[in-house]
Amino acid sequence: MNKYILTKKLKANELSTFYSFLFGLIIAFLIGSIILFLQSKNPLDVFSLMIKLSVGSLNSLSNSLNKATPLILAGLGISIINSVKLWNIGAEGQIFMGAIALNFVYINLAIGNSNVFILVLLVSGFIGGSFCILIPALAKTIFGVNEIITTLLTNYIVIGLTLYLVNGVWKDPNSLNFPAAAYVDKSVYLPIITSKLSSGFLICIFFTFIAYYLKEKSVFGYELRIAGGSELTALYAGIKSKQVAFIAMLIGGGFAGLAGAIELLSQTHRVSTGLSQGFGYTAIIVAAITGMRPIGIFLVGILFGALSIGGSVIQTIGVSSYLAEIIQASTLFGALIIQFFFTYEVKKVQDV
Amino acid sequence: MFDIQFLGLLNATLQAATLLFIAALGELITEKAGILNLGVEGMISIGAVMGFITAINTENILLAAIIGVLSASIFSSLHGFVTVILKQDQTVSGLILTILGISLSSMIGKSYVGKKLEVKIYNFRGASEPNSILEVLLSQNFVFYIAIILLIIVSFIFNNTLFGKRVEAVGEDLKASNSMGLNISKTQFVATCVGGAFAGLSGVYLTLSYVPYWSDGMTSGRGWIALALVIFGGWKPLRTAFGALLFGFLEALGPRLQTYGFEVSPYLIKIAPYIITIVVLIVLTIFKKGNSGAPKNIGIPFFKENR
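Chains A and B are the protein sequences, given in the same order. With our numbering, the residue at position 65 of the first sequence is 120, and numbering never jumps. With our numbering, the residue at position 43 of the second sequence is 49, and numbering never jumps.
Check before you lean on any hint, since a few could be wrong.
[Stated by the list, open to error] For lysine-lysine, the following DSS-like pairs were computed, each having C-alpha atoms within a straight-line distance of at most 30 Å:
no.: 1; chain 1: B; residue 1: Lys-302; chain 2: A; residue 2: Lys-64
no.: 2; chain 1: A; residue 1: Lys-63; chain 2: B; residue 2: Lys-192
no.: 3; chain 1: A; residue 1: Lys-402; chain 2: B; residue 2: Lys-181
no.: 4; chain 1: B; residue 1: Lys-192; chain 2: A; residue 2: Lys-297
no.: 5; chain 1: B; residue 1: Lys-192; chain 2: A; residue 2: Lys-402
no.: 6; chain 1: B; residue 1: Lys-116; chain 2: A; residue 2: Lys-96
no.: 7; chain 1: A; residue 1: Lys-140; chain 2: B; residue 2: Lys-93
no.: 8; chain 1: A; residue 1: Lys-140; chain 2: B; residue 2: Lys-181
no.: 9; chain 1: A; residue 1: Lys-140; chain 2: B; residue 2: Lys-242
no.: 10; chain 1: B; residue 1: Lys-294; chain 2: A; residue 2: Lys-295
no.: 11; chain 1: A; residue 1: Lys-140; chain 2: B; residue 2: Lys-192
no.: 12; chain 1: A; residue 1: Lys-96; chain 2: B; residue 2: Lys-122
no.: 13; chain 1: B; residue 1: Lys-93; chain 2: A; residue 2: Lys-63
no.: 14; chain 1: A; residue 1: Lys-403; chain 2: B; residue 2: Lys-294
no.: 15; chain 1: A; residue 1: Lys-107; chain 2: B; residue 2: Lys-116
no.: 16; chain 1: A; residue 1: Lys-402; chain 2: B; residue 2: Lys-122
no.: 17; chain 1: A; residue 1: Lys-297; chain 2: B; residue 2: Lys-122
no.: 18; chain 1: A; residue 1: Lys-140; chain 2: B; residue 2: Lys-294
no.: 19; chain 1: A; residue 1: Lys-64; chain 2: B; residue 2: Lys-181
no.: 20; chain 1: B; residue 1: Lys-93; chain 2: A; residue 2: Lys-297
no.: 21; chain 1: B; residue 1: Lys-116; chain 2: B; residue 2: Lys-126
no.: 22; chain 1: B; residue 1: Lys-294; chain 2: A; residue 2: Lys-297
no.: 23; chain 1: A; residue 1: Lys-241; chain 2: A; residue 2: Lys-226
no.: 24; chain 1: A; residue 1: Lys-295; chain 2: B; residue 2: Lys-302
no.: 25; chain 1: A; residue 1: Lys-63; chain 2: B; residue 2: Lys-181
no.: 26; chain 1: B; residue 1: Lys-302; chain 2: A; residue 2: Lys-140
no.: 27; chain 1: B; residue 1: Lys-302; chain 2: A; residue 2: Lys-96
no.: 28; chain 1: A; residue 1: Lys-402; chain 2: B; residue 2: Lys-93
no.: 29; chain 1: A; residue 1: Lys-403; chain 2: B; residue 2: Lys-181
Since the hints were made in silico from the structure, they are not lab data. Just so it is clear, the structure is predicted and the values come from calculations on it, not from any experiment.
Assemble the whole structure, with the sequences as input and the hints as a guide.
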């Protein structure tokens with residue numbers, strides 16, 4: 056009888072993540088086409104409309120890049136934390152916490168110079184995100200509590216907190232019955248570069264390079280990789296793995312918090328439950344699909360941002376906006392399936 | 007004897023707990039076999055929407071329940087395929103299952119939003135106004151009793167049968183169970199699908215009795231609470247059931263607090279289960295010296311080494 060066993064390939068293909076992603080994208084669009092076909096819509100028409108309305112003009116391209124900004128920033132945060140082989144499922148909560156921290160500082164502090172004020176607000180968003188992951192980080196590094204579950208649960212705590220704030224103490228009397236905090240003043244809006252493109256995207260580019268440097272080029276990045284590897288190696292190299300992991304988690308949470316701050320200052324201009332539409336979860340797809348590489352996250356983030364914009368405009372022709380989400384999720388599913396063939400070899404062995 | 011408000015609270019607690027418990031019990035089975043499935047929320051959604059659509063179109067409640075359970079189970083086999091057979095990351099796969107489940111179900115159920123259901127899952131006993139604890143217990147929905155039966159069966163299987171011990175062994179020590187000759191991939195795959203079926207039953211209960219209608223995102227985080235419940239219960243069915251009662255109580259209490267004259271925001275009550283779970287998780291980990299009762303191999307893909 057023949058038996059099949061799996062072995063891990065010794066040398067992984069350098070470009071395997073890229074190929075997997077391409078295959079995943081093709082599979083996803085095939086699935087999307089089938090869904091559209093079942094709804095008796097012409098897939099080609101719908102997809103070309105999506106492309107036209109997401110990147111076809113300067114205006115729509117700006118929208119896509121704005122949409123990509125929180126995905127990229129939160130994805131970068133996730134990738135930094137993943138350097139130590141830890142998961143951050145809490146980016147959604149950290150995004151909200153960044154916005155909450157920003158609003159808190161905005162209410163309690165007044166700085167005349169609006170540029171300085173914006174900077175202070177962005178920093179407070181970053182700190183808010185770090186604060187949000189503080190408990191999971193402490194629990195992980197001190198007691199060894201599984202960070203997947205704790206970061207996940209903080210999402211719901213922070214969203215509950217947001218609901219509490221926008222329905223209670225922060226509720227804007229002018230928003231009628233819609234639960235939302237008051238708008239921030241126009242003077243602290245992030246400036247527009249051109250068309251609708253917010254300067255938040257520039258911050259995003261800047262932080263992509265920071266993340267790239269931090270992960271790939273710095274001593275800290277080296278320590279991260281060692282700390283994420285074997286415990287003994289870290290001990291031998293004199294690296295305090297727990298301390299390194301703790302700092303990585305705070306930085307990663309901060310990235311997501313910054314995403315929330317930018318979203319508030321450039322898009323929603325106030326705290327409400329609609330501030331993030333699952334950006335924190337989509338960011339996990341973005342980060343995972345690129346194998347946690349910062350430049351990849353930047354590029355795929357833009358693609359997914361454009362997909363989301365495309366998804367929201369095709370509602371006008373009666374196609375559900377969830378199509379974009381289905382395509383995004385299927386891309387990663389497809390990529391995971393293809394990745395299998397790059398990482399493992401199926402060998403036939405004679406059973407004795 | 008008891009005022010009507012208390013009985014109402016008890017009734018609502020049991021209903022909320024049933025929904026959470028069934029999904030949690032399914033996840034417990036999956037995790038016992040060493041597979042973490044973060045897709046509970048998505049699987050509940052799929053079960054809920056498929057059950058609801060079937061019920062609207064056929065007005066056959068049993069068929070609706072079966073379709074709901076089966077479709078959630080088939081949907082969860084996607085996770086089984088990717089993680090058990092293709093050995094890919096369980097966290098990522100489970101998360102996509104949630105995202106995909108919610109978006110797919112919203113798309114499928116789009117034309118059913120706001121439709122009125124003609125049939126519902128029956129209650130065991132059609133008491134109009136229960137006026138004692140016993141009557142509340144006896145007038146529950148059929149699914150409530152199914153949940154109790156499932157609790158007994160699953161506890162029995164894990165505590166008293168060789169089959170249960172084998173599943174547990176797969177989750178605890180892959181190498182040992184491999185040399186014992188257990189079929190690891192098969193066990194894990196089946197456990198994943200069973201977990202999906204349980205989540206599907208939760209979903210069916212949600213749309214065919216608990217709410218009963220269909221709208222986008224109506225699972226509203228219950229799948230995540232179910233995941234939290236498994237940890238809260240230390241991977242033990244009975245403790246998970248008590249946890250479900252506690253969390254169900256908190257869910258039922260939220261909208262009622264003001265009638266009792268408390269000035270606590272219902273939104274703060276809503277986040278209590280999550281805070282309790284984090285605290286319990288930390289406390290459990292400290293007291294058991296890093297062992298919270300979790301299956302040791304959870305999240306680790308298995309492949310036979312080349313010998």
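### Query
Given the hinted pair B:Lys-302 and A:Lys-64, is their alpha-carbon gap at most 30 Å?
It holds: about 26 Å lies between the C-alpha atoms, which stays within 30 Å.
### Pairwise hint evaluation, B:Lys-294 against A:Lys-403, where the allowed Cα distance is 30 Å at most
44 Å, violated
### Task
Assess, step by step, whether the Cα of B:Lys-192 is no farther than 30 Å from the Cα of A:Lys-402, and give holds or violated.
19 Å, holds
#### Entry: Given pair status - A:Lys-226, A:Lys-241, alpha carbons within 30 Å
19 Å, holds
### Task
With a cut-off of 30 Å on the C-alpha distance, tell me whether A:Lys-140 and B:Lys-93 pass.
Status holds; Cα separation ~17 Å.
### Query
Does B:Lys-294 pair with A:Lys-295 here, judged by a C-alpha cut-off of 30 Å?
24 Å, holds
### Message
Checking one constraint from the list: CA of A:Lys-140 to CA of B:Lys-242, max 30 Å. Satisfied?
### Response
28 Å, holds
### Message
Checking one constraint from the list: CA of B:Lys-302 to CA of A:Lys-96, max 30 Å. Satisfied?
### Response
48 Å, violated
### Message
Need the status of pair B:Lys-294, A:Lys-297: alpha-carbon distance at most 30 Å?
### Response
Cα-Cα ~20 Å, so holds.
#### Entry: Hinted pair B:Lys-116 and A:Lys-96, Cα distance within 30 Å
Distance ~16 Å between B:Lys-116 and A:Lys-96 Cα, so the pair holds.
#### Entry: B:Lys-302 paired with A:Lys-140 [C-alpha distance capped at 30 Å]
17 Å, holds
### Message
Tell me if the straight-line CA distance from A:Lys-402 to B:Lys-122 falls inside 30 Å.
### Response
55 Å, violated
The structure does not agree with the numbered hints 4, 14, 16, 17, 27 stated previously, though it agrees with the rest.
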